[in-house]
Every structure is written in C-alpha cells, then in structure tokens.
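Protein chains in written order, with my numbering: chain E, 1 to 355; chain V, 1 to 256.
Mixed in with the good hints there might be a few duds.
[Stated by the list, open to error] Simulated pairs of lysine to any residue, SDA-like, Cα-Cα distance not exceeding 25 Å:
1. Lys345/E / Leu210/V
2. Lys41/E / Ser114/V
3. Lys184/E / Val141/V
4. Lys41/E / Lys146/V
5. Lys146/V / Thr2/E
6. Lys233/E / Gly127/E
7. Lys3/E / Phe204/V
8. Lys3/E / Thr172/V
9. Lys41/E / Leu209/V
10. Lys146/V / Val51/E
11. Lys146/V / Pro178/E
12. Lys3/E / Leu210/V
13. Lys3/E / Gln186/V
14. Lys41/E / Val141/V
15. Lys3/E / Thr170/V
16. Lys345/E / Leu229/V
17. Lys3/E / Leu168/V
18. Lys146/V / Gly47/E
19. Lys184/E / Thr140/V
20. Lys41/E / Arg156/V
21. Lys270/E / Arg230/V
22. Lys3/E / Val181/V
23. Lys41/E / Gly149/V
24. Lys3/E / Val141/V
25. Lys146/V / Gln52/E
26. Lys41/E / Glu152/V
27. Lys41/E / Val108/V
28. Lys3/E / Leu209/V
29. Lys146/V / Glu37/E
30. Lys146/V / Arg42/E
31. Lys41/E / Leu112/V
32. Lys41/E / Phe137/V
33. Lys3/E / Leu229/V
34. Lys270/E / Trp228/V
35. Lys146/V / Val4/E
36. Lys146/V / Glu45/E
37. Lys146/V / Ser40/E
These are computed hints drawn from the structure, not numbers from a lab.
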Amino acid sequence: MTKVLMKGNEAIGEAAIRAGCLHFFGYPITPQSEVPEYLSKRLPEVGGQYVQAESEVAASNMIYGAAGVGMRVLTTSSSPGISLMAEALSYIACCELPVVVVNIMRCGPGLGGILPSQSDYFQATKGTAHGDFDIIVLAPSSVQEAVDLTIISFELAEKYRNPVMVIGDGMIGQMMEPVSFPDKEIGPPLDPGDWGLTGCKDRPRRIVNSLYLDPDLLYQQNIKLKEKFELIKQNELRFELYNCDEPYDLLLVGFGMMARICKTAIDQLKAEGLNVGLFRPITVNPFPYEACAEAIGRSKSVISVEMNMGQMIEDVRLANVEGKPVDFFGKTGGLIPAVEEVQDKVRESLAAMKK
Amino acid sequence: MPRPYRPATSLIIIVGNYGSGKTEVAVNLALSLQRQGKQVRIADLDIVNPYFRCREARETMEQQGIEVVTPPGVQRFADLPIVVPEIKGMLRPQAENVSIFDVGGDDVGATLLSSLAENLGDSPYQLLQVINARRPFTNTVEGCLKMKGAIEQSSRLSVNGLICNSHLVTETTTDVILEGVALARQVAARAGIDIAFVSAMAPFDQDPLLQAIDEPLLVLDRIMLPPWLRPSEKGDSSSRRLETDPAPAVKPIGRP
Chain E
1 MTKVLMKGNE AIGEAAIRAG CLHFFGYPIT PQSEVPEYLS KRLPEVGGQY
51 VQAESEVAAS NMIYGAAGVG MRVLTTSSSP GISLMAEALS YIACCELPVV
101 VVNIMRCGPG LGGILPSQSD YFQATKGTAH GDFDIIVLAP SSVQEAVDLT
151 IISFELAEKY RNPVMVIGDG MIGQMMEPVS FPDKEIGPPL DPGDWGLTGC
201 KDRPRRIVNS LYLDPDLLYQ QNIKLKEKFE LIKQNELRFE LYNCDEPYDL
251 LLVGFGMMAR ICKTAIDQLK AEGLNVGLFR PITVNPFPYE ACAEAIGRSK
301 SVISVEMNMG QMIEDVRLAN VEGKPVDFFG KTGGLIPAVE EVQDKVRESL
351 AAMKK
Chain V
1 MPRPYRPATS LIIIVGNYGS GKTEVAVNLA LSLQRQGKQV RIADLDIVNP
51 YFRCREARET MEQQGIEVVT PPGVQRFADL PIVVPEIKGM LRPQAENVSI
101 FDVGGDDVGA TLLSSLAENL GDSPYQLLQV INARRPFTNT VEGCLKMKGA
151 IEQSSRLSVN GLICNSHLVT ETTTDVILEG VALARQVAAR AGIDIAFVSA
201 MAPFDQDPLL QAIDEPLLVL DRIMLPPWLR PSEKGDSSSR RLETDPAPAV
251 KPIGRP
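Input sequences plus hints: build the corresponding full structure.
See below:
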C-alpha cells in the first residue's frame, strides 16, 4: 500500500484508529503533543470522540471509565504526565480493563526538559503505581514499529484485559519516517464480553471496582493478576537479535531509539573488523530474560546502552546467569549518546578484555 | 534543465503543515542563495515544535556566513513563544540581502506572523507554502487548499507561492516527487498562484524526468539528521553539546 511520511506521534494516533480505537482522552505535553493534535483532527472525521481533559489525572480516569463501559481507548502523555496517571493505572489493572497508554519520554527528574530520554524504564516496567500488578510494556525503535506495536498493544490489552504501555523516547515521537498502515481503515469495535458495563437489561448486573474489603478476596485477585502475568511471560516475549549470527566478543543491549544508534555503531565497527552483537528487548515488561541470557552466554562481556543513568542494566544483570562482566554506557538530560561515543566505549571494553 | 530559484523579493516566509519539510527547505534555500552571492539571514520562528528546528543547523549555516537569528542561550531548547527583537528589523527589505523566515507548522505556527504583519507594512514578500503530497492532511488538492486558507486566516497574510517538497526521506522515488509536482500544479491552478520551486534531494535532481520540469529546482542536502545518522565529530565526542553562554532562567508556563 502507499507509504506516507509521518511523525511518530501522528503515526501512533493513526495506528490507534486503524486498530479500532475511536476514543481518546489526554492532555498536551511536549514531546507527545502531536498525538492529541492529530487525533483532535482525525477522530471527528471517523466518528470518534476526542476529549482534552483538564489534567492527566482526569484523562487517566476517563480512560478507566471508557474501558469500563467496553470502549477501546487510548491516552498518551510524556513522563511527568504519566506520573500523574499512576493511581488510575493501578485501579485499571486491578479491574482488569484493557487500555493502551503511550509514554513519549522526556528527560527528568522533575519538570526536567523537553528533550528525549529513556528515564522512565523503571516507572514503566517496575513501579508504575501502588499495589501488586504488572503492565505489558513495548518499546518501538522506529516509526513503523511504533505503528505496529500500537496495534498489537490493543490486541494484547484485550486478550489479557490488562493495561499495555508503549514507551518511546521523544525522538521516536518527533522524527518522521515513511510508514504503512493496515488497509482496513477502522478496526472492528471491542467485544465487551462478560465484563463491560453495557447496560444490564435482561442480564445480571456487572461491577467494575477495585475496592476489596475482604482480605481473602483481595488476595485471590492478586493471585489472579500474578497468574495472568505468568501467562503473558510465556506467550508474549518479543526481542530482536542484530549481528549475532557470527561469533562476537561483546554484546550491546539497547532498546528503542538507543538500539538504532547501537546498530549504526555495530555496522561501522564491523568495517574495522570488530564484531559486536546487539540484543534489543521489544517487550521490556515482561523482559525476555532467557533470550537475553542466551545472547550474553555467547559473548565475553555485555554493555547496557541507555538514555538514562542505568535502569535496564538491572534486568541485564538478572539475565546474566553466567556472571559475565556487565558495563553501562548512557547519558541523560536530553543528550543523545552519539554513534562514536558508543564505539569508543566498545573499543575501550574490547581493549580491556585483551589485557 | 530546470532553473535555480531566484526569489522575486528579499523577504521569503516559509509556512506549511507540520512536517512538510519547511526547515529542511529553509536551511537549504539559505545555503543556496548564499552560494549565489546573496547576503542571507534566516530567522527561526518555529514556536510550535521543539525538535528538528533550524537552530539545530545553526553551525552549518554560520560557517557559510549566514546570519542565524534564534532565541538566545538555553531558551532555544525550550518550546516557548519567544520572538527576538531582531526579527522586526529583518522585515525591512534591503537590496542584495535576503531574509528567510522559517515559521512553525500549521495555522497554529503561522499565528505568530499576524503579530508581525504590521511591521511588514507595504514591503513585498513571498509567503511560500511547503507541500509534501505524502503527508497526512495535504495529500489532496482540497487538503492543501484548506491548509492554505487556515494559514492565511491565522497569519493575516496571503500565500503567494508554493514549494513542492514531496518525499519519503530514505524511500523517496522519482515517482513520489513527480506525483507531488502534479498535485502542486493542481493546487497552484486552483489558487491562482505559482509554484516558486520544486525541491528534491540529490541525486534525484539528475533524473531526466525531473530535469524536464518547467519549475525552478532546489537541490536539497539532508541537513536535519536523526542522531544515528549524524556525522562523526572527532575531537568533540559530546553529542548535542549545550553551549555555555549565560542565559536568563526559563520560567515555564503550564506544561512546556
């Protein structure tokens, strides 16, 4: 089909429509504001609903309500805005409602800056909010992959009735690349199954609620969520191996945009006769530990490359069952590690190994 | 063989929808006119989008003697509506000088122009709308005309020329460019204005089909690169280094 040139943020908006999501609640924040901008124009064209909430707190509770009544729904924000959505995400996870949230990460902490970062890895994968629950987290590395993963997010959210988050750094949201979309202009509506609050005429009423005063019932709900996540771990791991077919002495681990920079570094190092592999987790929660362990097993050492102060490195260490040396390279504050900086780190590491 | 673009006025204002390629075109146009012997000044009036603005190509342009007018200090990393006073001076046309204004996207970005309309007075200007036929909302004649109307309404100025900039970055083909030329010709005919020039990445300018077009041609070098394609800066390994010039603190309004 005909390719179009789109910004990551616009493409995520269009991908949601193609997945059949006609409801968006959100609040503008750089560098994701083109998602609401785009959807405010496009949703009325396709009979959808766009609401700019008064804050991210409101937007996150609006998606809670929309999902509760069986609507396919999206919200998007950037780092500080996602922090404000934390409470509602915990409620949504407890109530087992399908929602998709996109975080186009900017640099923090605090109000931070508007430039790209990957500093919300911990927030997305470990500590989204209070209580025991997990969300599925996907990390695209190109605009096309942002489209594909947004569509997959809705499928996963509905298959497991669980929140799904797509995390991209600011650059993924802002950069423009050619993309193609599924031919179907608008996906079919969500099936509210036996849980959606669709009106209880002629059937028993349903309740969407996260308050459990009976400890046994709340414990059972926690077990149910845990078992569900175990199933997700078994079925939904996604990752990419790059330049791992030939033997390599060093493995880089990077996600999202950083993986892209690593690939360029690897291609250029190959010309120098240095063979370096890349492991790119696409599901960062659940993290593909076994596949990562296998890739580390074939290497002498590992470098986790991230646009933060070292977050995913903790998962890399968990995957490092053989105890290989694990190093880190990263920057934050909106600074993007350059291709040469990654290469210098690789050369330094390889030279140290020879000593 | 297509002619190079020779501007009819010394004020060139570049508008268009988000991501139509305004900045890439503006920067390349500045470099091209400077090579033709003009003294060029370029102003970054993008108060909408905080990424990929022409201030990022500042060094490249300044090396060629182009004067780049952007917000000072760290404010240029912000998404704040800052217009520096030099802008108003740039609106007075001077012989042998060319002033290029790279305006933010859509009618929202063009709103800024309405506040400068008075300073413009009777000075002749070229208000050029960039069109990429592969972008959403401007892939049809109607879409382009709607965008034109919206920009004119918010800027209180009239679009009097088009820049045909159809491409798919790394996946551009001659067909993509020529489809764009066909669309821009229809838009120009409907609006009663001219195509100021067609822009195309090298080496597409060498394609005989593109050599055969009647409109002036601007050959583009890709300057606004994503980080994994930026050229090596040996001797300075820090990427996107913040300059250390002192600057007033930025007080954000709402959520920047």
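Structure versus earlier hints - violations, ascending order:
Checked against the structure, the hints that fail are numbers 1, 9, while the rest are satisfied.
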